[in-house]
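Asker: Protein sequences appear in the order of chains A and B. The numbering used here numbers the first residue of the first sequence as 1 and each following residue consecutively. The numbering used here numbers the first residue of the second sequence as 606 and each following residue consecutively.
Hints are not guaranteed to be accurate.
[To be verified] Estimated spans, in silico, between C-beta atoms of each pair:
1) A:Asn-32 x B:Gln-857: 50 to 56 Å
2) B:Gln-857 x A:Asp-48: 32 to 38 Å
3) B:Ile-791 x A:Asp-48: 32 to 38 Å
4) B:Tyr-847 x A:Asn-32: 36 to 42 Å
5) A:Asn-32 x B:Ile-929: 37 to 43 Å
6) B:Leu-737 x A:Lys-6: 23 to 29 Å
7) B:Met-612 x A:Leu-227: 52 to 58 Å
[What the hints assert, rightly or not] Straight line, CA to CA, 35 Å or less: simulated DSBU-like cross-link-like pairs of lysine-lysine:
8) B:Lys-897 x A:Lys-6
9) A:Lys-180 x B:Lys-897
10) A:Lys-207 x B:Lys-897
11) B:Lys-949 x A:Lys-6
12) B:Lys-949 x A:Lys-80
13) A:Lys-23 x B:Lys-949
14) A:Lys-80 x A:Lys-173
15) B:Lys-897 x A:Lys-23
16) B:Lys-824 x A:Lys-77
17) B:Lys-824 x A:Lys-33
18) A:Lys-115 x B:Lys-949
19) A:Lys-23 x B:Lys-826
20) B:Lys-758 x A:Lys-108
Quick caveat, the hints were computed from the structure, so don't treat them as lab data. Backbone N, C-alpha and C fix where the C-beta goes; we use that ideal spot for every residue, glycine too.
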Amino acid sequence: MNEGRKDIIQVLVILVSLVFLIKLFAIQVLDNKYGKLADSNAILRQVDYPVRGLIYDRNGKLLVYNSPEYDVQVVAKEIKNFDSAEFCKVFRLTPEELRKAFKELKQKKEYSPVKLTTFLTQLSNDDFARVQDRLDDFHGFYVQARSSRSYTTSAFANGLGYVSEISKNQLAKDSTQTYKQGDYIGQSGIEAYYEKYLSGKRGVRYKMRDVDGIDKGSFKDGELDTLSVPGQNLTTTIDLDLQLYGEFLMQGKSGSIVAIEPSSGEILSFVSGPSYDPNLLAGKYYSQNFKAISSDTAKPLFNRPLMAQYRPGSIFKIAQAMVALQEGVITPDTRVYCNRTIINCHGAHSNEDLRGAITHSCNPYFHNVLRRMLNKGKTNDPFEDTRIGLEEWNTHIRSFGFGAPLGIDLPNEKSGLVPNGKFYDRAYGGRPWKFSNIYSIAIGEGENLVVPLQMANFAATVANRGFFYTPHLVKSIGDSGTPLPQYLDKHYTTIDSSYFIVAVDAMQNVVQGGTGQYRASLKDIIVCGKTGTVENNPPLADHSVFIAFAPRDNPKIAVAVYVEDAGQGARAAASIASLMIEKYLLGGTQRKHIEDYVLRGEFLD
Amino acid sequence: MDWVTVMLYAVLVLLGWLNIYASVYDETIGQSIFDFSLSPGRQLLFMAAGVVIIIAILIIDMRFYDTFAYIIYGAILFLLILVPIIGKEVGGNKAWLGIGSFGVQPSEFAKFATALAVAKFVGTIGFRMDNLRNQLMLFVMIGVPMILILLQKDTGTALVFTSFLIVFYREGMSPFLIIVGIACAIIFVLALLVENNIYLYAVIGVVWAVLVFFSRKKKFKRIALLTVGALLVIGLLQSVDYVVDNVLKPHQQNRVKALINPDADPLGYGWNVTQSKIAIGSGGFWGKGFLKGTQTKFDFVPEQSTDFIFCTIGEEHGWLGSLITIGLWVVLMMRIIFIAERQKNRFTRVFAYSTLAIMLFHFSVNIGMTVGLFPVIGIPLPFFSYGGSSLWGFTIMLFILLKLDAHRGQVLQRI
């Protein structure tokens, strides 16, 4: 009776077993996510943070170092008998801050209740000392030592840049998967440009642990573990004393000072005014300080030497002169009548040769010179003729490093602008243009744009009589003693070296008897310079510009100063430039009245 | 003596012992498998006691089990009544009777005792399964221990007694009841799995339409019946949410929820299922090797030596180990069916099927919960899970069967 039902029961046994075997096959063999989950459960990946490289000035003075800071990490599942009031007391938090910290903890992408997750960041050394003894009372909380940047002085902030937690965007772009959320990365300046040298290599230790997070020894006997490699130290080209002096002189002003050693392209001083204290962007209060600094209307984070694009003004006449000589449209002896009906001019002069025209910054002279360059009569069409001349002119000017980023070892360098035919086609919307439309570029006004770094590089190029090394801020990576290879290449301009003697003579005259004589000349050193007064939008005062190098023979320093809204180049900029030269070559100034004049900052009448 | 079953029993118990060792093994300490302060050492003691029990069972006259079936059943019921009164609480469940530091769970012994009583009752000469009074009596026999065990809040063990339905089915009870029960369970699970009841209503509608369309004879009556059936199913569906929210206790609700979506709260009610699946799933095809598992031995899986012992097999021995384990079980269960069917005596056959049904239930629910196919119902995997009461309960049940089977010729002579 009912014997057939035995078969159904047998089928039931087989069926259940088959379902189990299929399900097991699915999760054990087909789906490999469980293996990964098991690893993240039981294997703790402990990152060994390397020490970030230190940064020195050219004379071995320390600029940037590391100071210890501590992150509090937590394994949520291990929290037991948590006394929140006591925790707040020990860690000096308000209950709201603690609640916020827990809320943020759970929102973190890498959050897992069984994994170490960062809970509080950047406890200072003092905080840590206070908390250390009490940490055992809070089960599940651990401290991870890290280091944050500290700065010996507040100088050179925009050049050094800052370090902060990697952003979501940067994390997404990190194709090599080197960084994890919470890692520090150089965000600007040298810290960003030399990130891969400074950061070193992180080590990783894999440790096994049980469900309570208790250490169960190294995974696979440590065969996957790697040691951390400390970051490389950098020696910058900056002369800290000169840098501090430059920032001292720039206080209360907007603008830049860039000083270069012409024979190497090493940047001796790199001042961006106004600046900020880099210590504010290191450590615990980074985010609130960053907010304040980045919303400052004076733009202290704006790295003016590389990013502020200005019209160059009269200093550009030297470049015009060199190009005109090279093109053969004038000789040093060519004289042009100072016809102020064409274009305005200033000072008492009437019919100068080339040297005289530079010395007195004669506008009609260079108007004439540019016409000779742009309209060589190669065709009868005045429009086409200007275009041909402009392209030739453009090639020469660009060879000085204008119109494109020079390639300094900092991010976000701007290119400036050297107009060409295409540019004017666009600017004029296809309508024809010729010399009479564009002649203001003759005197460094009009469409020309340069950044202060390019001006300093230009001064160095004249000092070198026709070539330059790409300006750079790091002269030695690690113990190598050499900068990046691209900074060892000499770049020649398209101008024959022999023509530069005219520029050098004229710049000497500017300081000794021309527009710059009162404030730029030094007693024992022959300074060569050129003033510039760049038109600004009224009612704002003109920008004050000065480029210089010294001594005349075997120049040791080339400098460009740009002071916004400070009037004539012969005043603020020339004073600052000569003080910088004096400081660098003589160790300090004997012209206290000039220094006071600069510090007083009343450059307008 | 059926030596095939004895061998299978020995292999399963030994494998269980090794896996209990693996589940508590800690490389940094390097415990001994013979350390009597730890579960593998104690399990060895339980196994030794098991051998004593086996010998006792084999020595006792086979007629004892038939004769004293009701008395054994009654005695166990008495113990079950004692448990809530003088029992001690272990792990939240008051299911233990203790003498000093030594405790037993009477509920583990209630299984074979009930099996004896049911076998005795069904084996009575003149017993007819289609008699409604007999059926009612059988439900009372399994219902009383069930309720007493439910009073101990041990829902898992109580549910084991529903497995007697398989025995009743084999002995001639109409499958209608079983089918309705299984259908209700399926509908219950479907109602939980499918978020939107509209899909289920649509399926019911289609099934109803198809059945109506193909029923030629007695059309009116058929349609009426089908409509009533469909409405009943819809009513059941509607009541599921009510049952889950209002009838089940919070921890039971959570277990059901964990089955449906363990990722919703992986730390809370989903923890067991999630960690269990991680452990088993990380074993791969070949497994991580004996004592090489990280999930079970580092305590990520809760109850890893008792209810979740299968995780250790899955993690350390992979799919292959799971296949062998499940294979051994299938062979054992098929062998018991084979033994049951060769009995000429109804008492032994019913007892054999009871043994099979209880083992099948444990096997299905235990492995089903570790791989996430059933809610977490805390019942052990027979012979594998750590614990004296469970091991002895199943040992007694299996060896009574083997004793009865060994004397099957004698029984025939007697009748």
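Asker: For every hint, state whether the structure bears it out.
Answerer: We went through each hint and held it up to the structure:
no. : hint                              : in the structure
1   : A:Asn-32 x B:Gln-857: 50 to 56 Å  : 33 Å, violated
2   : B:Gln-857 x A:Asp-48: 32 to 38 Å  : 47 Å, violated
3   : B:Ile-791 x A:Asp-48: 32 to 38 Å  : 55 Å, violated
4   : B:Tyr-847 x A:Asn-32: 36 to 42 Å  : 41 Å, holds
5   : A:Asn-32 x B:Ile-929: 37 to 43 Å  : 22 Å, violated
6   : B:Leu-737 x A:Lys-6: 23 to 29 Å   : 25 Å, holds
7   : B:Met-612 x A:Leu-227: 52 to 58 Å : 55 Å, holds
8   : B:Lys-897 x A:Lys-6               : 41 Å, violated
9   : A:Lys-180 x B:Lys-897             : 30 Å, holds
10  : A:Lys-207 x B:Lys-897             : 15 Å, holds
11  : B:Lys-949 x A:Lys-6               : 15 Å, holds
12  : B:Lys-949 x A:Lys-80              : 62 Å, violated
13  : A:Lys-23 x B:Lys-949              : 39 Å, violated
14  : A:Lys-80 x A:Lys-173              : 39 Å, violated
15  : B:Lys-897 x A:Lys-23              : 23 Å, holds
16  : B:Lys-824 x A:Lys-77              : 63 Å, violated
17  : B:Lys-824 x A:Lys-33              : 54 Å, violated
18  : A:Lys-115 x B:Lys-949             : 62 Å, violated
19  : A:Lys-23 x B:Lys-826              : 43 Å, violated
20  : B:Lys-758 x A:Lys-108             : 40 Å, violated
Consistency with the previously given hints fails for numbers 1, 2, 3, 5, 8, 12, 13, 14, 16, 17, 18, 19 and 20, ordered from lowest to highest.
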